[in-house]
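Student: Got chain F sorted already, so can you dock chain Z onto it with the hints?
Heads up: the sequence lines are chains F and Z, in that order. The first sequence: position 117 = 117 (my numbering), numbered continuously. The second sequence: position 55 = 55 (my numbering), numbered continuously.
Don't read these hints as lab results, they were simulated from the structure. Even for Gly, the Cβ is constructed at its ideal location relative to N, Cα and C. Any given hint could turn out to be false.
[As the list claims (entries may be wrong)] No more than 27 Å apart at the CA atoms, straight line, and that leaves these computed lysine-lysine pairs for DSS-like: (1) Z:Lys375 <-> Z:Lys259; (2) Z:Lys96 <-> F:Lys73; (3) Z:Lys296 <-> Z:Lys309; (4) F:Lys82 <-> F:Lys105; (5) Z:Lys257 <-> F:Lys383; (6) Z:Lys296 <-> F:Lys370; (7) Z:Lys205 <-> Z:Lys259; (8) F:Lys160 <-> Z:Lys259; (9) F:Lys473 <-> F:Lys435; (10) Z:Lys259 <-> Z:Lys157; (11) Z:Lys257 <-> F:Lys370; (12) F:Lys383 <-> F:Lys473; (13) Z:Lys361 <-> Z:Lys96; (14) F:Lys425 <-> F:Lys599; (15) F:Lys160 <-> Z:Lys257; (16) Z:Lys259 <-> Z:Lys334; (17) F:Lys105 <-> F:Lys73; (18) Z:Lys96 <-> Z:Lys309; (19) Z:Lys296 <-> F:Lys383; (20) Z:Lys257 <-> Z:Lys361; (21) F:Lys160 <-> F:Lys73.
[Said to hold, decoys possible] According to the in silico footprint, chain F covers these stretches of chain Z (three or more CB under 8 Å from chain F): (22) 144 to 158; (23) 392 to 399.
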Amino acid sequence: MSGRLIFTAAIVIAQLTSATAQQQTPALNHPVSTMLKTRCLECHSSEARSGGMNLEARLASFNPETDVDDWAKVEHAVVSGKMPPPDETALTETQRQQFRTWFDKEFVMPGGVQHPGPNRPRRLTREELQNTLEDILHVDLRVTVTNSRLHVIPETIIEKFFSASVIGDSGFSNDAVTLSEETIDIQTYSRCFSLVLSLLDSNEQARQQLFGQSSLPEEVTVADARPWIESFARSAWRRPGTPQEIAALTNVFEQVSRHGSAWEGIKASMLATLLSPSFLFRLEDTIAAAPESGRTAASSVTTVPPSELAVRLSYFLWSAPPDEELLRLAEDGTLQNDDVLRQQVRRMLADPKRVALAENLGGEWFDYKKLRQQSALNKRSDKMAGFYRTQFEEALLFFDSVIRYRQPVFSLVDADWAYLNAHQKNIYRLQTETKSFDEPEPLPPINLHYRDDSRQIHTQNYEYQHAPLTAVKLLDPDRGGFVTLGPTLSVTSTENRTSPIRRGVWVLERLLGQHLEVPDDVPDLDETRKKAKVDNRKLTNVELLKLHSSQAGCASCHQFIDPIGFGLEVFDQLGITRSITDENPSGEKLEWTPAETPKSYTDQAWTVTEPLIPGKETRVFFQYSKGRHRLNIRNVRLTSGEHVLEDRHFGFTGTARRDNVWFFPIPGDAPATGWTLTAEIQGDGGTDSHGIITIAGSDNTHPGYELPNGNSFRSPEELKQLLLSDYRDQITDNAIRRVLGYALGRKTLPVDRPAIEQIKDSIRDNGFRLTDLIEAVVLSFPFRHKEAP
Amino acid sequence: MTHQYLIPRRSVLQGVGVCMALPALEIMSPAISSAAETATPIPQRLGIFHKGNGIDPSGWEATGTETDFTLSRNLEPLQPYINDIVVLSNVSNQAKGDHYGAMPLFMTGVQNRNPGQTFDQVIAEHVGRTTQFDSFQLSADPVDVRSTTLNSLAYDKEGRARFVERNAQFAFDRLFRGLSNAGTRRKMGSVLDAVREPTTALLKKASRRDKAVISTYLDSVRDVELAIEKHQQSDNARPHMNLVTDDVVQLDDFPSKMKTMTDLVALAFWTDATRVASCIMALESSRRIHDFLGLKADFHWSSHFENKKSLAEEFNSANTWYVAQFGNAIEKMKSLKEYDGSSVFDHSVLMFGSGLGHGNKHLGTNLPLVLAGGKHSGLNTGRLLTYPTQPPHANTLLTLIQHFGVEAEQYNNSTGTLDRLFHS
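One chain only, chain F, in its complex shape (with noise of 0.2 Å):
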């Protein structure tokens, strides 16, 4: 039996390592070839290879095919004038546009058409895989989730056999090269499909749904099976089955119900028919399309068979196979017409499978998908496994409220409204208000961890509810958008610990599209400090970061990583605002010593005494000094004649180590003196609270944080507003990047840049819609677009 195989196997082996083996290519005959060696191959040389770079070897032999990537990065380092470095000449203007031109001839439109890249067989992630299951076996693989706020989310049967996948270049679980090169292990995919087929034995709508009839005979014939195996093939496969394939499943049920019942001998055919690579991929029929030379020929490329069409639009969508309207779309051929792909594509985000979307496009754009594993792998405490999940949720809910009142892909990085609820609010320690969209036909929402609006969340008198989230408006401007959002902070942090690093990263990669790798020739932390010891210098670490930072190799990325996550340092690894960030401020110390806490908000006041610094910020803190009651403290004012500087951040203190801090930039023309504090503080009435408030001044003040264009900012609301301003254009570029790659299943290349332009100009009319991305992806050349690889 498996001798044929291993025989048939080993041939198609030879065939490929053949075929993929490094041919050798011509060199490179251009004039651009002349320009790089003798610019470049100093160091770009087969031995320098400076950066990782032979270029050398590149033009010897150019395979624009393999070296894609390659010379991707040599075009950005010439486009963008990085190359040559600074302290050689720089290439003219001609030599750096014949560059340009000679890349876009070879790259981005090979033969003057336009291509739609390449298109490698996609294995079913496992989300996919357990999407696809609960709609071709009409079964529930989805846990219970309940409302209980120590509720941890258990791993599902899916979740239990196949771990997460690792994430590919397209930045997403869902590339094909990454899934592709993952290890099939088809004992574990027998043993998981088995355990699903068996939940089909107790569950009598299902079999009423797959079969018409709620329980099967004892004797089953072949000719009353095949109808059934036909069509569950039909489904699975998302295509007809060849005679010789039902032939085969049919020989499936004949053996196994020989020995077994007919239940079982069903079970069998339909395990193998879910063994099948038909199922377990999505291949896409490649015949239709040109053979092999045709890389730059036109004619290899072919448009998408609607019939394919429509499985590429619900696993994108949906991360599921499409739904009946689909198919029949797909079988009229009208799912081709623009009109038509838009109309369905509205439909589709309406639905409540559109949770596929914030699970894994947003979960693993932004990351926080992440949070729900940390949650059901979080032994140490129910508390923190409980608030985990809950900002799995914050997160997921932001997200897709960003799809379902049609939002700008700007209010990614910033917004003014959050999902929380009142337990949440207070661990952040947030003021809001209510929260209204002025989108006039908002979607409908989804439904938090299922699919369908039927399934609900497990409700009962848990001692610990978990209120539902809703929407809110967050009146500290400093919070608001995926860089300050809890579930964010929480994910770039440990447990116990923040990294600004981690946090400077996530900025750069998730927002604005860089992808950072380490180079090989930077000398490591320890290094730095033997170099300063050398010094007789002894570094904080935040000193020593820097110094390491400074040096050449570091600083191309850090000037960018650091300042951003020190910036966001305000945040705890919780994603709490921290109180302050010294120990024992210096500056002026008022006492405050009541008679007794007023009970609603009264305003207290102070004279300032020291002279503030106009031009630069001043900080206020309130501290307690003795009492244990807690102190609501909100609307903080500076005033000196006309000058009324306000800060409505709103806070508390509580108990000795409970502190906060209030910011005011002081203008330029402001006075120095004659200032008064105001506060608006509420207590219990209790007496024996007393309390130092300190004035900070310039000797305090943050100088600011400086990003690489110069710019800087002192808050996180100035760096979301820095972003948005002096970043824009990568912001969209990589929220188009990412939403085409996790459509397309690959990381974008330079053929796409075409196609990028084109979303980009359709979508820009209205701001930047997320939907509206999402629509022009659908709509877009590579999506509807293949051709012969």
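Tutor: Only chain Z this time, still in chain F's reference frame:
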């Protein structure tokens, strides 16, 4: 089939009949060994235990001379086995280390993020032909989605990561149930028949790119078919199979899971399911918080202890615990008896360590490496072997490769073999 390791099935069953009520495997095994009569060569096994994040040299380095040495704080749990271990010092010369390249360094001697065939697979090709699994891979830690090289020790000839079992129950079933059942095999056989034929047809018309993917899939189908065939041929002749119960699987917490995983390696050897096994105890860059030890910092953070004493303290506590788990594996193998009264451990070479040396500095030099093996392992045990010339780690691996009978003169960047490691 010359190396086939057989115990007359009847005598095994007799043994079981007597001892059926006893719960612990350790108690059962001596009864069996006396019942068995036929002497067939007992195979040599290779077990690899890896923990990520490197070590703190001040807590790791053993001191003393080659034969008279004192174990360090980290190695203290191996004190009971001091005559069964070899501590290697100053092996590996890769100046730079990083987490992504550490597992490949540990397994190939080279820090390559696209590793080639790992040394265990070279050995498995040679010694694993007759066993149910040519090699078996386990991991006590879940996947880190950032990169494959953080999650896989073993890579095949084509550079593909071998399948790693992370679920203890599934691993148990795969080793001792599943295809061991004739009914399951028959059903699986017919199911795979139905899959194979149409797939081959599919392959004919597929493009080059699709072919590559489908052939990987067919490889996996072939693996199962080979497994079925092996099962049929050996006719359940694997030793001690009837003695293995799934009491071994405990899933409550991390220490229990770790115990299960190391036990499974021992049982897989004992039942001759495989002769080459690897177990990831902690991933590279693992961020686990060992709260069961009362530790607060996550593992990776504490590995960068810099000059903070409390962090170094936590890091060393965690590392000591992992060494103790390796000790558990030794203990378990010592408790499992072969039919001639020797133990599984007597016929095993075990390797414990990390692909990073100094955890804080990310060094690829002086890897923490301990080898262990019993009296038939050939290991020159009870030694602290220091190599002043700092040979590449590939030399260690080549030595092991040769020890398992593979004719090889070179493995990756090896410059020779390690002297004194085995009795010559």
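Student: Look at each hint and say if it fits the structure.
Tutor: Structure-based check of all given hints:
Of the pairs offered as hints, the one joining Lys375 of chain Z and Lys259 of chain Z holds, with about 24 Å between alpha carbons and a cut-off of 27 Å not exceeded. With a C-alpha separation of about 25 Å, the suggested pair Lys96 of chain Z and Lys73 of chain F falls inside the 27 Å cut-off, and the hint holds. For the hint linking Lys296 of chain Z to Lys309 of chain Z, the alpha-carbon distance of about 14 Å falls within 27 Å, and the restraint holds. A distance of roughly 22 Å separates the Cα atoms of Lys82 of chain F and Lys105 of chain F; the hinted pair therefore holds under the 27 Å criterion.
Note on Lys257 of chain Z and Lys383 of chain F: the hinted pairing holds, with a Cα-Cα distance of about 23 Å set against a maximum of 27 Å. Annotation: proposed proximity of Lys296 of chain Z to Lys370 of chain F holds, straight-line Cα distance about 21 Å (limit 27 Å). With a CA separation close to 49 Å, the supplied pair Lys205 of chain Z and Lys259 of chain Z exceeds the 27 Å bound. Of the supplied pair hints, the one linking Lys160 of chain F and Lys259 of chain Z holds, its CA atoms being roughly 20 Å apart against a limit of 27 Å.
Annotation: proposed proximity of Lys473 of chain F to Lys435 of chain F holds, straight-line Cα distance about 5 Å (limit 27 Å). For a cut-off of 27 Å, the pair hint linking Lys259 of chain Z to Lys157 of chain Z is broken: about 31 Å separates their Cα positions. A threshold of 27 Å between alpha carbons decides the hint, and for Lys257 of chain Z with Lys370 of chain F the separation of about 22 Å falls inside it, so the pair holds. Restraint check: the Cα-Cα separation between Lys383 of chain F and Lys473 of chain F comes to about 26 Å, which is no more than 27 Å; the hinted pair holds.
Between Lys361 of chain Z and Lys96 of chain Z the alpha-carbon distance is near 9 Å, which keeps this suggested pair within the 27 Å criterion. With a CA separation close to 22 Å, the supplied pair Lys425 of chain F and Lys599 of chain F stays within the 27 Å bound. Restraint check: the Cα-Cα separation between Lys160 of chain F and Lys257 of chain Z comes to about 15 Å, which is no more than 27 Å; the hinted pair holds. With a CA separation close to 15 Å, the supplied pair Lys259 of chain Z and Lys334 of chain Z stays within the 27 Å bound.
For the hint pairing Lys105 of chain F with Lys73 of chain F, the CA-to-CA distance comes to about 16 Å; that is within 27 Å, so the pair holds. The suggested pairing of Lys96 of chain Z with Lys309 of chain Z holds, with an alpha-carbon distance near 24 Å, which does not exceed 27 Å. Proposed proximity of Lys296 of chain Z and Lys383 of chain F is supported: the alpha carbons are some 17 Å apart, at most 27 Å. For the hint linking Lys257 of chain Z to Lys361 of chain Z, the alpha-carbon distance of about 30 Å lies beyond 27 Å, and the restraint is violated.
Proximity of Lys160 of chain F to Lys73 of chain F is assessed by CA-CA distance (about 40 Å); at most 27 Å being required, the pair is judged violated. Against chain F, the region 144 to 158 of chain Z contributes 5 residues with a C-beta closer than 8 Å to a partner C-beta. That satisfies the three-residue criterion, and the hint holds. Three residues within the 8 Å Cβ limit are the bar, and the region 392 to 399 of chain Z against chain F gives 0, so the coverage statement is violated.
Comparing the model with each numbered hint stated earlier shows that hints 7, 10, 20, 21 and 23 do not hold.
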